[in-house]
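Working from the sequences, and respecting the hints, build out all of it.
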Amino acid sequence: MTVDRLIRRMLRAYVVIALGFVFVPIVISFIFSFNSDRFPTLPLGSFSTEWYEAIFSEGQVPVAFRTSLIVGGAVALLSTFIGFAAAYTDFRYRFFGKSVYMSLALLPPTIPVLILGLTMLMFLSRVSLVGEIHSVVIAHVVFCMPFAMALIRLRLSQMDPDLERAAWNLGASSWRAMLGVIVPFALPAILSALFLTAAVSFDEFMIAFFVGGVNETVPVRVLNMMQGQVSPRINAVGSLVFAISMTLVIVAQFLLMMRRPGRPMLRRT
Amino acid sequence: MIRRQARRFQGAPQDSAASSTASHRQGRAPLKPDGYALFWGSPLALWQGLFFLAPLAFLVLMSFWSVKNFRLEPDLTGANWVGMWRKGYVVDTYVRTLGYGALAAVVSSLIAFPASYALAFKTSAATRRLGIFLLITPFFTSYTVRIYSWQGVLSDDGILNALFGYVGIGPVAMLNTLFGTVIGYLTLCLPLVILLQLFSLSNVDRSLIEAAHNLGCGRIRTVILVIIPSAKVGLILAATFAFILSFGDFVSPVSLGGSKPPTLSILIVDTVKQGNHWPRAAVIAVTMVVTLIVVAFTALYFAYAHRRARS
Chain V
0 MTVDRLIRRM LRAYVVIALG FVFVPIVISF IFSFNSDRFP TLPLGSFSTE
50 WYEAIFSEGQ VPVAFRTSLI VGGAVALLST FIGFAAAYTD FRYRFFGKSV
100 YMSLALLPPT IPVLILGLTM LMFLSRVSLV GEIHSVVIAH VVFCMPFAMA
150 LIRLRLSQMD PDLERAAWNL GASSWRAMLG VIVPFALPAI LSALFLTAAV
200 SFDEFMIAFF VGGVNETVPV RVLNMMQGQV SPRINAVGSL VFAISMTLVI
250 VAQFLLMMRR PGRPMLRRT
Chain H
0 MIRRQARRFQ GAPQDSAASS TASHRQGRAP LKPDGYALFW GSPLALWQGL
50 FFLAPLAFLV LMSFWSVKNF RLEPDLTGAN WVGMWRKGYV VDTYVRTLGY
100 GALAAVVSSL IAFPASYALA FKTSAATRRL GIFLLITPFF TSYTVRIYSW
150 QGVLSDDGIL NALFGYVGIG PVAMLNTLFG TVIGYLTLCL PLVILLQLFS
200 LSNVDRSLIE AAHNLGCGRI RTVILVIIPS AKVGLILAAT FAFILSFGDF
250 VSPVSLGGSK PPTLSILIVD TVKQGNHWPR AAVIAVTMVV TLIVVAFTAL
300 YFAYAHRRAR S
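Top line first, the protein sequences correspond to chains V and H. Heads up, the first sequence is in numbering that gives the first Met the number 0, so the first residue is 0 and it goes up one at a time. Heads up, the second sequence is in numbering that gives the first Met the number 0, so the first residue is 0 and it goes up one at a time.
Hints listed in this document are in silico derivations from the structure and should not be mistaken for laboratory results. Note that the structure is a prediction, hence the values are computed from the model and not measured. Built from N, CA and C at the ideal position, the CB exists for glycine as well. One or more hints might be untrue.
Stretch by stretch, here's where chain V covers chain H in the computed footprint (C-beta under 8 Å, at least three residues) [what the hints assert, rightly or not]:
| # | segment |
| --- | --- |
| 1 | 46 to 56 |
| 2 | 119 to 130 |
| 3 | 198 to 204 |
So, in structure tokens, the structure goes:
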């Protein structure tokens, strides 16, 4: 029994170490964003908010935040709508070539972002859609939509298809049943898909770097700062992005857990 | 070729049957192309067709174009393909990148397994939920910022070497080495690999494990003979994702590995920068996409091989 306990302790310690590895860069970035020294090393200098002040006095970072917010909002709306439509189509219909259709919704995240960015740049520049804010939106929707689709599809799979049928039998049109049955049921997933896709877009840098031209989003600005010189401003931007993304994710998580409308409507599992 | 296709056809209905037996029983409506169905069905096809499939097709096409006086010209030449693959360093880089991807898959799977095993079997449900939450968090921090942070940890006058200095070791060169690159790959893959392993381990039938224990099977033997085979699908998928992510990664080999020796991603960027040779970059990109698709399908085939044979 004591051996069991020992093994259990060691495994738990291992989990802590593994999580430690994952969080080391995040925590260090946060700490050094408040450190007065220019170079990240020990011992620490004094507490300072100068790097945060620096990024807000430097014109490019606030502009990048604005670009990121516009892109994130547009991407969230578009990819959640397309993701919902695809998830519903998969839920309700069967048709020839469906596996090809669904692979369109699942493949993009498996292609390296470098190649996606490069390919998008090659193609969008041919059709004169490159270097604008909407170029980033177009490319990001391709990449973010699968996350929305997966999330909403998961929610729909908890629904009994007979519910929609019951609505039809009671005289509702397809559209009425959609608004009265499907959308309310999927609403928590729809809301969390909005926040999740916004967060994914907010973090994506490679595609935005290629197709955005001078319209830098926040992570692209970070990338460009990294190619310049060592600067704790990167840590400050990173910590801000982290705070914003985590807020989005926690709100999404909260929305997903908060409303479980019609628990009895769930299919028995 | 024909046999492989036949096998895929056999596989398909079973895979979908497994995932949606319930909805098949209740019968999914066949698609009638009325306005309603088109409204919901077409956005995905239109958007991904226009902005995903068309760019990919264009990428393939462009790999056959030519460059004259730094200008792209539509063409149908195999010169880029032959030219690139005749260069020794391209082949070397291809093999190296495959090796890096495989290394990342193996290392992250091995490092992840004890953690996911512990979370699946040795912790309470509340701890597991906390663990899952903590593992999802990194996806929402900027990957570039995390790599920048590692630079400060690993560099010669960085944090780790400062700590080593206190106990009289070092400085140890970690930045711009393969070690640095692997740390970057782990930063990218480890949370996802632990999560995927954890989900598949959570689905292992507990009574199987108890049965093994009751029959006198030791701890390690139970892990190897009962738990790993039962969770095989998830373990293979996790390793495959680690391979896919690392194979295509650009940031870690540049910022932590020092770009030397290069990977395929670095080669693509260099090819574009030097002489604006987009068609050659397209050759590498198409090669990478094809490689990833082959690897993904091979992994899926092995992951589900046993299941298929049984049914």
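Hint by hint, which ones does the structure fall short of?
-> Going through the list in order, the structure violates hint 3 alone and respects the others.
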